[in-house]
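Just so you know, the sequences run in chain order G and S. What the first sequence shows, in the numbering used here, is residues 1 to 435, in sequence order. What the second sequence shows, in the numbering used here, is residues 1 to 145, in sequence order.
No wet-lab data here; the hints were simulated from the structure. For each residue, glycine too, the CB sits at the ideal point set by N, CA and C. Don't take every hint at face value.
To be verified - Taking CB as the label site, the calculated pair distances span: (1) G:Ser402 / S:Pro76: 23 to 29 Å; (2) G:Asp136 / S:Arg26: 36 to 42 Å; (3) G:His249 / S:Asp44: 43 to 49 Å; (4) G:Leu372 / S:Asp71: 48 to 54 Å; (5) G:Asp128 / S:Asp133: 58 to 64 Å; (6) S:His68 / G:Thr178: 43 to 49 Å; (7) S:Gly73 / G:Asp33: 16 to 22 Å; (8) G:Asp240 / S:Ala127: 51 to 57 Å; (9) S:Glu137 / G:Asp367: 47 to 53 Å; (10) S:Thr66 / G:Gln330: 40 to 46 Å; (11) G:Arg56 / S:Pro123: 16 to 22 Å; (12) S:Arg26 / G:Thr253: 44 to 50 Å.
What the hints assert, rightly or not - Short derived list, chain S residues pointing at chain G, Cβ under 10 Å: (13) Gly36; (14) Thr40; (15) Gly119.
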Amino acid sequence: MSEPDGTTTREIRTDYLARVEGEGAMLVRIKGDQVEEVQFKIFEPPRFFEALLRGRRFTEAPDITARICGICPIAYIASSCNAMEAVCGVDLPEQVRLLRRLVYCGEWIESHVLHTAMLHAPDFLGYDGAVEMARDRRDLVELALRLKKAGNTIMDVVGGRAVHPVNLRVGGMYRAPTRAELAALVPELEWARDAAVEFTRWVAGFDFPDFEQDYAFVALRQPGEYAIERGRIVSSTGLDIDVSEYEQHFTETHVERSNALHSTLAGVGNYLVGPLARYALNSAVLSPLAREIAAEVGLPDVVRNPFRSIVVRAVETVYAADEALRIIGQYVPPEPPFIEAVPRAGTGYGCTEAPRGICWHRYEIDDEGTILDAKIVPPTSQNQKTIEEDLVGVVKASLHLSDDELGHRCEQTIRNYDPCISCATHFLKLEVERT
Amino acid sequence: MRAAACLGSRYRGDDAVGPLVADRLREVGATVLECGDEPTRLLDAWAGLDLVVIVDAVSSGAPPGTVHRVDPGEGPLPRDLGLASTHAFSVTDALELGRALGQAPRRVIVIGIEGAAFGMGDPLTAAVAAALDGVAESVLAELEA
Numbered sequence: 001m002s003e004p005d006g007t008t009t010r011e012i013r014t015d016y017l018a019r020v021e022g023e024g025a026m027l028v029r030i031k032g033d034q035v036e037e038v039q040f041k042i043f044e045p046p047r048f049f050e051a052l053l054r055g056r057r058f059t060e061a062p063d064i065t066a067r068i069c070g071i072c073p074i075a076y077i078a079s080s081c082n083a084m085e086a087v088c089g090v091d092l093p094e095q096v097r098l099l100r101r102l103v104y105c106g107e108w109i110e111s112h113v114l115h116t117a118m119l120h121a122p123d124f125l126g127y128d129g130a131v132e133m134a135r136d137r138r139d140l141v142e143l144a145l146r147l148k149k150a151g152n153t154i155m156d157v158v159g160g161r162a163v164h165p166v167n168l169r170v171g172g173m174y175r176a177p178t179r180a181e182l183a184a185l186v187p188e189l190e191w192a193r194d195a196a197v198e199f200t201r202w203v204a205g206f207d208f209p210d211f212e213q214d215y216a217f218v219a220l221r222q223p224g225e226y227a228i229e230r231g232r233i234v235s236s237t238g239l240d241i242d243v244s245e246y247e248q249h250f251t252e253t254h255v256e257r258s259n260a261l262h263s264t265l266a267g268v269g270n271y272l273v274g275p276l277a278r279y280a281l282n283s284a285v286l287s288p289l290a291r292e293i294a295a296e297v298g299l300p301d302v303v304r305n306p307f308r309s310i311v312v313r314a315v316e317t318v319y320a321a322d323e324a325l326r327i328i329g330q331y332v333p334p335e336p337p338f339i340e341a342v343p344r345a346g347t348g349y350g351c352t353e354a355p356r357g358i359c360w361h362r363y364e365i366d367d368e369g370t371i372l373d374a375k376i377v378p379p380t381s382q383n384q385k386t387i388e389e390d391l392v393g394v395v396k397a398s399l400h401l402s403d404d405e406l407g408h409r410c411e412q413t414i415r416n417y418d419p420c421i422s423c424a425t426h427f428l429k430l431e432v433e434r435t
Numbered sequence: 001m002r003a004a005a006c007l008g009s010r011y012r013g014d015d016a017v018g019p020l021v022a023d024r025l026r027e028v029g030a031t032v033l034e035c036g037d038e039p040t041r042l043l044d045a046w047a048g049l050d051l052v053v054i055v056d057a058v059s060s061g062a063p064p065g066t067v068h069r070v071d072p073g074e075g076p077l078p079r080d081l082g083l084a085s086t087h088a089f090s091v092t093d094a095l096e097l098g099r100a101l102g103q104a105p106r107r108v109i110v111i112g113i114e115g116a117a118f119g120m121g122d123p124l125t126a127a128v129a130a131a132l133d134g135v136a137e138s139v140l141a142e143l144e145a
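Hey, can you work out the whole structure from these sequences and the hints?
Here you go:
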């Protein structure tokens, strides 16, 4: 590929899923030194699931929505449970809530480590992927796999299985783990906490492209804790609302050229959810150890460089291991492990912090508990417009790069968001056209 | 020990062949490894096994329902079959990673079923549905050979 000469039109197009054409793709069109167009298209399974949910029992929503994403089933289970519990007037007993938070910590660990170590780190080190990285840095890949497995084991023990957890239900858990079962996790989680600290030091040493954006951050906030499975929706622009008020402030607008929906916050425009937002809004309530490592590696209170999201994910991994140990340390098995939810007609809302950012659900049910309507807003679609803006900024700052290098930088930019389609990002089919 | 690893999503048209074959294999008591959408979960499960038969939908341009059998030996899984696309960290890479870390089965065989429709909510293509029982029998034959 030739170097850009400043006068030609360059088009960089990336199809994420070769097999399912058009589901996830990136197009950047450059004319001379002007970025003419950036389109980032994502795969949106929730539309299919919303239709599938209508007519089903309210108690089925957690299991059905868990299938939307194989990497973050707990996010969908927890948001749908919250919504159904809200409409049925169920208040979770503290130990039941903590079990939900514990299993969510497992999901954060697994998802964050998979993304940072296996998919994102190779970008910074010049490897095509984790396989090539493993040949040179076997120690680090083995550490990451063991760390990821520690998260997996929490999902296995609390969730019933690591793949498609089955132990969570509206109102709580089918079965509460015994104290001995959770205590058995402690040694490996203590190892994981230390390993995550080491991992954070490692990723913090990467070279980060010099790039910052003035983001509007949106995350959950819960007094006294780093919000995961509950909280109000807050923003860096002053928003502070109950999750039921989401649709009064956030709108999804249809983008004609791409069939996609773009989320915007009233009076603000596009916004960002996920690790950078959580850290900017809630870092003061991270555990002392997580705050200490963040300070040691020089993270500012607000991180505006999206490439450094890998460091924030690593800090959140330290936190998740630390928090899991805290929950296990005070655990008393709840008896019974769930509150029976009695359906009543109404609308319920639920929102939790998926590893990628807030995952918002709304369900309308009738007196019999039949789902009449469902609406799911996953984190990646909320970030979509912001990802496009990052791409515009990154491309403008990187016009001197060859098409190959520029394409790679764009992929890395998208991976900053750990989008659900990050799945396939090491199998990108990158097409560069010059006209 | 021998096991099957069946990949795919039940909700995505012909991508459901993996889980549907897994159902048939479990009914007759075969060992099926689960990984959901995340094949690095296979690393521990398949380390040291004598044989793993990977069952997945593929998209290579052949007529729907065509059954491909690939024995890659020591080599990588073929990328031109279109195996490595919709799953998180592809099974192709999970195998290579496992080999690099000494966490791979001794031998793998891929049984790929050519699909035509992979959209969310698409029904199974008739030719793919018709191939399911035969595929399950071939996998069992591999596991018992």
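* Given hint S:Gly119 near chain G, where the shortest CB pair must fall under 10 Å -> Result: holds, 7 Å to nearest chain G Cβ.
* Asked: Range hint 58 to 64 Å: satisfied by the CB atoms of G:Asp128 and S:Asp133?
  -> violated, 39 Å
* Asked: Falls inside 16 to 22 Å, the C-beta gap from G:Arg56 to S:Pro123?
  -> holds, 19 Å
* To do: With respect to the beta-carbon atoms only, verify the hint that G:Leu372 and S:Asp71 lie 48 to 54 Å apart.
  => holds, 52 Å
* Asked: Taking the beta carbons of G:His249 and S:Asp44, is their distance inside 43 to 49 Å?
  -> holds, 45 Å
* If you check the beta carbons of S:Gly73 and G:Asp33, does the distance land in 16 to 22 Å? -> violated, 51 Å
* Does the Cβ pair G:Asp240, S:Ala127 satisfy 51 to 57 Å? -> holds, 56 Å
* Is the hinted range of 40 to 46 Å satisfied by the C-beta distance from S:Thr66 to G:Gln330? -> For S:Thr66 and G:Gln330 the Cβ distance comes to about 57 Å; the hint is violated.
* **Status of the hint placing S:Gly36 at chain G (closest C-beta pair under 10 Å)** => holds, 4 Å
* Beta-carbon spacing of G:Asp136 to S:Arg26 - inside the hinted bounds 36 to 42 Å or not -> For G:Asp136 and S:Arg26 the Cβ distance comes to about 40 Å; the hint holds.
* Between G:Ser402 and S:Pro76, is the Cβ distance one that fits in 23 to 29 Å? -> This hint holds: roughly 28 Å between Cβ atoms.
* Restraint outcome when S:Thr40 is required to lie within 10 Å of chain G by C-beta distance -> holds, 7 Å
In terms of the numbered hints stated before, the structure departs from hints 5, 7, 10, listed from lowest to highest.
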